[in-house]
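These protein sequence lines map, in sequence, to chains A and B.
In terms of the working numbering, the first sequence opens at residue 1069 and continues consecutively.
In terms of the working numbering, the second sequence opens at residue 1069 and continues consecutively.
Just so you know, the hints here were simulated from the structure itself, not pulled from any lab data.
Worth double-checking, as some hints may not be accurate.
Put simply, identical chains are the same to the list, so a pair is met inside one copy or across any two.
What the hints assert, rightly or not - The calculated DSSO-like cross-link candidates involving lysine-lysine, where the alpha carbons are at most 27 angstroms apart (straight line), are: (1) K1373 <-> K1388; (2) K1102 <-> K1426; (3) K1148 <-> K1424; (4) K1354 <-> K1341; (5) K1148 <-> K1192; (6) K1373 <-> K1461; (7) K1461 <-> K1426.
Number of protein chains: 2
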Amino acid sequence: MNIAAAQSGGPTCAINASLAGIFTAASKCPDIDKIYGSVNGIEGIINDELVDLRTIIRTNEDLELLKLTPSTVLGSCRYKLPENDEEIYGKIVQTFEKNKIDMFFYIGGNDSMDTVMKLSEYFKKNNIDIKVIGVPKTIDNDLMCTDHTPGFGSAAKYVAATIQEISRDSSVYSVKSVTIVEIMGRDAGWLAASTCVLKANDENAPHLIYLPEAPFSVERFLEDVRRMLGEHKAVIIAVSEGLKLSDGEYAAEGFQSGANDSFGHKYLSGIGKCLENIVRDEIGCKVRSIELNVMQRCASHIASKTDIDESVRIGEEAVKAAISGQTGKMMAFKRISDRPYFTEIVTVDAGDVANKEKLFPKEWINNQGNNVTPQALDYFLPLIQGELNILMKNGLPVQFKIPNWF
Amino acid sequence: MNIAAAQSGGPTCAINASLAGIFTAASKCPDIDKIYGSVNGIEGIINDELVDLRTIIRTNEDLELLKLTPSTVLGSCRYKLPENDEEIYGKIVQTFEKNKIDMFFYIGGNDSMDTVMKLSEYFKKNNIDIKVIGVPKTIDNDLMCTDHTPGFGSAAKYVAATIQEISRDSSVYSVKSVTIVEIMGRDAGWLAASTCVLKANDENAPHLIYLPEAPFSVERFLEDVRRMLGEHKAVIIAVSEGLKLSDGEYAAEGFQSGANDSFGHKYLSGIGKCLENIVRDEIGCKVRSIELNVMQRCASHIASKTDIDESVRIGEEAVKAAISGQTGKMMAFKRISDRPYFTEIVTVDAGDVANKEKLFPKEWINNQGNNVTPQALDYFLPLIQGELNILMKNGLPVQFKIPNWF
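Here chain A stands alone, though its shape is the one from the complex (with noise of 0.2 angstroms):
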């Protein structure tokens, strides 16, 4: 028996660990021979394009750098799997029973899930036998029916260690000022919303969270930050990427049609930067915004333990699944407690993931709409614990790489 694995969608610090949990299970069961990776996700499968991983993780040492290294060694893809396309269905089940594949998982988001869901369904109605289970992952954190996302504890370790270096780094001058910080999440805001983690440390910063789940509106905006500067010598403010209006427009948008609020702003540029705009036009202080960039999804050297941990576990766990039986099923992480933090993995139907998304809860944001309940924090907290011994060679965290393929 053979079985394949592929990454798709975005990259985080943990996708490389799942993939290795992945091979480690396969690697203790005697009954599968080859374990295989599909280049650039689904796309490998259907283009035959599959790599031997023994090949390529030789050694305890290789295995142990692929757990520690940001992004998918794999590659990926955004590729969306049609409803009906025989072709390609085809060309995927000619893959499969070319190189004996039984069992197929796929690490990814709410896309990939639509895709495990899909192929599994397909295999059911043309009797073929084989497993698909997927692998959750992303830094968005809106996966349904799991507690929490691999590759999120790491990207919110990240966050809040470099909003509480900023803020140190914003308060050196005697001058007022304020700090954008521009932070990954489209429709979701769990990433923006977990730098309320710092206040287990005493810290203020950040003074203030704004979330796609709560209507943005300019003029309380400015109302925030005039009495934050009253209070504070460095204002330090955190947004989601993906800020709503009232009517549920993205504002980085309505800012770009000047017809957003009675202001009638109009700036051509990411919401980070309009609102450092408006800051400066309305308020007048020193301002200044930060894009974390691709930094929140990929900075494995301060990668969070529990995540890297539990994203290998979860890798092993899908293989028992698909080895008990188990097909069209997401595994997914079930929290028992906070504190002392312990969570089950768990099957879901993976049709009850794809294509949907899981919101910051309304209930843990304040009512002034401008930060985040003590609730988030206690679930939040678990997620970013403890550090990971990175090797380091030449003064730099030493990653795995596939040679010639970079």
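With the hints as your guide, set chain B onto chain A.
Just chain B now, with coordinates in the frame of chain A:
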């Protein structure tokens, strides 16, 4: 006898380490009674705003945390001492005499060394026996008369580690892409050049490095990028924020007038975004620009142990130099050898550093003006070595804070 120390200019990861060094050496000296910190650089001396550092650095743990906390715990300033202003100099003398301060240590860049020079000359001229010693710091590494500057090694380590992660992140999809990373350095390209350290770990990224010291041409840039796209899937480019055109004008400013190249590009933004737009317009491939922003000067969670240890040591040596009767000097590193890396700490005239800039050597730039030579790698590599044992609490670095200050 009392002493005072102050911090000036832009934040780095190592300014507090040098303050800790001054504090440690002074604490060991039985002749020194009070160790004052001046709030917001020389402004605190002018306005008699001093804190007794023994009341805020109370334990060994405080001292260790201070070494690992970025930015300036005493605040900073951009104040430049006037040439002849008896009122200002009178206030300074008053503060020093009132508080019985016989030695003043100023941690800063070339503007601060101007203050060190002017103050020491004023004291000599007026027969006032107060010793003034400068302690260098800047992530720009552009101070004369010293092999390198405290703060630079940590910035270089963060930037290189981040570019390695960005390189992993950018290579996941099958489409070709260009990623432009904008790095601090208005006139001197040391920090962008230092990204060559990744070569020591067999990384291809960054594939191209552009510095203010090599005149920038859009035509040659596009040729370089096209050639690299032929060889690599994901091209990573390190650019100094202060790229200059052949007439010496800042390239980003040139793009604002639209008159800087044969294409007539006109963009209102930093150089990274300008080059992103040019690549999109002229080559049409997937392209992204990333500004590392203030993180490059405050990311103490991945500080260089060599940098922090040296920054403490140079602060300690500053106290010894003042005690031995020196004044008007800046402490400096003199490199004895690259491998094994060994430096001596010496004193140089602050006047030889004040208001000057040390540019990246032209002979370390390759003939094409798009990368650096192996000599640069030998120079940079020792400066990023070693990691610090950072105290973590609740999954985040613990930092030194003065209660009620921030």
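Structure-based check of each hint:
{"no.": "1", "hint": "K1373 <-> K1388", "result": "within (23 angstroms within a copy, 43 angstroms between copies)"}
{"no.": "2", "hint": "K1102 <-> K1426", "result": "neither (36 angstroms within a copy, 58 angstroms between copies)"}
{"no.": "3", "hint": "K1148 <-> K1424", "result": "within (14 angstroms within a copy, 58 angstroms between copies)"}
{"no.": "4", "hint": "K1354 <-> K1341", "result": "both (14 angstroms within a copy, 22 angstroms between copies)"}
{"no.": "5", "hint": "K1148 <-> K1192", "result": "within (20 angstroms within a copy, 77 angstroms between copies)"}
{"no.": "6", "hint": "K1373 <-> K1461", "result": "both (20 angstroms within a copy, 14 angstroms between copies)"}
{"no.": "7", "hint": "K1461 <-> K1426", "result": "neither (40 angstroms within a copy, 29 angstroms between copies)"}
In the structure shown, a violation is registered for the earlier hints numbered 2, 7, in ascending order.
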